[in-house]
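Peer 1: The primary structure of each chain is shown beneath.
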Amino acid sequence: MFLRWVTAAYLVYLAVPIALLLVGSFGELWLNTLLPTGSTTHWYVDVAKDPSFRRAFAASLAVVAITCTACVAIGLPLAYALFHTESRRLRALVRVLYQLPVALPPLVLAFGFILVFSSDTLPWLGSIWLLAAGHVVLTLPYFLQAVVADMQRLGLSVLEDAAESLGSNGWQRFMHIVLPALRHSILAGLIIVAALSIGEFQFSNLIAGFLSRTYPVVLLQAFYGATGFACAATVILLALALVAAVGGALTSGGAMQMKAAAA
Amino acid sequence: MSSATMPAVALERVTYRYPGTQAGVADITLDIAPGELVVCLGPSGCGKTTLLRLIAGFVKPDAGVIRLNGEDVSALPTRSRECGVVFQAYALFPHMRVWENVAYPLRVREVAAEERRRRAADMLELVGLTGLSDRLPAHLSGGQQQRVALARALVFGPRALLLDEPLSALDAGTRVAMREEIRRIQRAQNIATLLITHDQDEALSLADRIVLLNEGRIVQSGSPHEIYDRPADAFVAGFVGRANLLDARVIDAQTIDTSIGRLLTSPHGRAIGSTLHVLVRPERIEVASAANAATGENVFAAHVLRDRFFGATRQVEVAAGNGRLEIETAMRDDVTQLRVPREAIQFLNAQ
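Just so you know, the protein sequences line up as chains L and D, in that order.
In this text, residue positions in the first sequence follow this note's numbering: the first is 2, and each later residue adds one.
In this text, residue positions in the second sequence follow this note's numbering: the first is 1316, and each later residue adds one.
Do not rely on the hints blindly, as some may be mistaken.
Stated by the list, open to error - Cross-link-like lysine to any residue pairs, in silico, SDA-like; alpha carbons within 20 angstroms at most:
#: 1; chain 1: D; residue 1: 1375; chain 2: D; residue 2: 1395
#: 2; chain 1: D; residue 1: 1375; chain 2: L; residue 2: 85
#: 3; chain 1: D; residue 1: 1375; chain 2: D; residue 2: 1349
#: 4; chain 1: L; residue 1: 50; chain 2: L; residue 2: 224
#: 5; chain 1: D; residue 1: 1375; chain 2: L; residue 2: 168
#: 6; chain 1: L; residue 1: 50; chain 2: L; residue 2: 211
#: 7; chain 1: D; residue 1: 1375; chain 2: L; residue 2: 104
#: 8; chain 1: D; residue 1: 1375; chain 2: L; residue 2: 87
#: 9; chain 1: D; residue 1: 1375; chain 2: L; residue 2: 171
#: 10; chain 1: D; residue 1: 1375; chain 2: L; residue 2: 161
#: 11; chain 1: L; residue 1: 50; chain 2: L; residue 2: 221
#: 12; chain 1: D; residue 1: 1375; chain 2: D; residue 2: 1335
#: 13; chain 1: D; residue 1: 1375; chain 2: L; residue 2: 230
#: 14; chain 1: D; residue 1: 1375; chain 2: D; residue 2: 1450
#: 15; chain 1: L; residue 1: 50; chain 2: L; residue 2: 230
#: 16; chain 1: L; residue 1: 50; chain 2: L; residue 2: 241
#: 17; chain 1: D; residue 1: 1375; chain 2: D; residue 2: 1351
#: 18; chain 1: L; residue 1: 50; chain 2: L; residue 2: 27
#: 19; chain 1: D; residue 1: 1375; chain 2: D; residue 2: 1360
#: 20; chain 1: D; residue 1: 1375; chain 2: D; residue 2: 1332
#: 21; chain 1: L; residue 1: 50; chain 2: L; residue 2: 168
Everything labelled a hint here was simulated from the structure, so no lab data went into it.
Work out the full structure, taking the sequences as your base and the hints as a guide.
Peer 2: Structure (structure tokens):
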């Protein structure tokens, strides 16, 4: 009974801010009252028409796309190498890499980037590519974890041995066996990466140039203006995150089903 | 050599050590004739899986030559060796349907799609899986997965079939049925086969020939009868079947002393006064009860220490003289006496 109360209380605590955001985004005026007065949808129209929000939205999508592409391009070969390595040093390095998001807060990473990339030799501060590069550092460990765990679960090296004994060459093994067998975990890893990248604020706030500001960075500015506008802008971010979360739940659900069937 | 007499698989003095360890195999010479089923038997860690990996090409020998159909393949990569391998956990590709798994070797050989489908269907019929070809491996039972793995390993007409503990992942009932299936399919394909196992029942019932491996070396090679009835040494006798191994001292040409007492034997030709091991299989010892006393030579009083009932037989451990004997018998009465027939006593080479 007690546990139920705690759970219920916690869920309410989680839901209230979200509910208030929703209410606020449809409220005409919200000043010193418990709930806003009047109802409207024009805040959403305003956000959609706002040039800086439109640009930020596009910038965020671009950063997510670059980050996801880079995570696959770097992460997949890296995961493959990590899975097959016998080197203890490399394994130790990986454990460090996995802890990186905890050990290296985005703030610290951002200051490092500012130091390095504000010089005349590397004047890339403010470019969208540098922003994405930072997001890769922050999200790659999550991608690696998802993929390497799946390789171990599948017993990928035995599958590769089997494929080799059946006559396939290295490229065929990668295209026919490795990639398709890992498709669920690659997708799940990418959804985590996208969700983290879209919501990332600390690093982006310090690194982004004025024209490459991402959505969460611009969002902060909104809270200096009309409450309804700010709420509507936040709800849009929330919707994006929700899409990612549902997508993640569906893909990992698919993986769970496969596991259950295999058991 | 003509192709009729040329072995399908030949190993000549093959040695391999895992880097930085003592594990591996040493000085292995072994032929497998076309259509022959050789079972490689040994305790875990004896090097039997290494032997399979050497033939399949997953590891390359430090010394020696491996030939398939007479061709030296020692330096060839796995994919060029054309060996069908069935792995312990089957290693079916989880994202491919049953028929796609079976057709995979044909796909990488660029066989036309139509023919791939047809040949996969033929193979699935041979292994008795017609009707399941569109399933995913995760939706098959262990025995069915095993059949798919077999079909996949045979569909491309390999030079040899290599099976790594193929039955160890199955439950006891399925295992015996699957044993017969492997034998049937191997016969139907008439393919040189090496089966790795640590299970002596499996080896005795399946093999044309058993190769017994211990600590990386071949200890004995022969038909199941030879291995069981004429084991080369105490290790073989103890590993294959149940065995009473007794230390013995030779008294005269037909008499030895053992811990259970003085035994009359067949003429053995060993030097008088020498010490050696003798083997007596538990099922060769005759037992008698109080109501039905034994007569004749080599009769001893027996005191039952342990009695296990298995339905068809009983396994009884008895004390006799100053020693102990394991006995296997179908008799239901109390065991009070035993008799060791002369022909049940086998002399082993000193180890």
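Peer 1: All hints, please: hold or fail.
Peer 2: Hints, one by one, checked against the model:
A distance of roughly 14 angstroms separates the Cα atoms of residue 1375 of chain D and residue 1395 of chain D; the hinted pair therefore holds under the 20 angstroms criterion. At most 20 angstroms may separate the alpha-carbon atoms for a hinted pair to count; residue 1375 of chain D and residue 85 of chain L meet this at roughly 19 angstroms. Distance check on the hinted pair: residue 1375 of chain D and residue 1349 of chain D sit about 23 angstroms apart at the alpha-carbon level, beyond 20 angstroms; violated. For the hint linking residue 50 of chain L to residue 224 of chain L, the alpha-carbon distance of about 17 angstroms falls within 20 angstroms, and the restraint holds.
Between the alpha carbons of residue 1375 of chain D and residue 168 of chain L the distance comes to roughly 17 angstroms, so the proposed pair stays at or under 20 angstroms and holds. Under the criterion of a C-alpha separation no larger than 20 angstroms, the hint pairing residue 50 of chain L with residue 211 of chain L is consistent with the structure, at around 19 angstroms. Of the pairs offered as hints, the one joining residue 1375 of chain D and residue 104 of chain L is violated, with about 43 angstroms between alpha carbons and a cut-off of 20 angstroms exceeded. Note on residue 1375 of chain D and residue 87 of chain L: the hinted pairing holds, with a Cα-Cα distance of about 18 angstroms set against a maximum of 20 angstroms.
Between residue 1375 of chain D and residue 171 of chain L the alpha-carbon distance is near 18 angstroms, which keeps this suggested pair within the 20 angstroms criterion. Under the criterion of a C-alpha separation no larger than 20 angstroms, the hint pairing residue 1375 of chain D with residue 161 of chain L is consistent with the structure, at around 18 angstroms. The suggested pairing of residue 50 of chain L with residue 221 of chain L holds, with an alpha-carbon distance near 18 angstroms, which does not exceed 20 angstroms. Taking the CA atoms of residue 1375 of chain D and residue 1335 of chain D, the gap is about 16 angstroms. The hint holds against a cut of 20 angstroms.
Restraint check: the Cα-Cα separation between residue 1375 of chain D and residue 230 of chain L comes to about 69 angstroms, which exceeds 20 angstroms; the hinted pair is violated. At roughly 37 angstroms between alpha-carbon atoms, residue 1375 of chain D and residue 1450 of chain D are farther apart than 20 angstroms, so this suggested pair is violated. For the suggested pair residue 50 of chain L and residue 230 of chain L, the alpha carbons sit about 12 angstroms apart, so the restraint of at most 20 angstroms is met. Taking the CA atoms of residue 50 of chain L and residue 241 of chain L, the gap is near 18 angstroms; set against the 20 angstroms cutoff, the hint holds.
The hinted pair formed by residue 1375 of chain D and residue 1351 of chain D fails the criterion: a straight-line CA distance of about 24 angstroms is larger than 20 angstroms. Among the hinted pairs, residue 50 of chain L with residue 27 of chain L is consistent with the structure: their alpha-carbon atoms are about 17 angstroms apart, no more than 20 angstroms. Between residue 1375 of chain D and residue 1360 of chain D, the direct Cα distance comes to roughly 19 angstroms. Compliance with the 20 angstroms bound is thereby established for this hinted pair. Distance hint between residue 1375 of chain D and residue 1332 of chain D is fulfilled; the C-alpha atoms sit about 10 angstroms from each other, no more than 20 angstroms.
Among the hinted pairs, residue 50 of chain L with residue 168 of chain L is inconsistent with the structure: their alpha-carbon atoms are about 59 angstroms apart, more than 20 angstroms.
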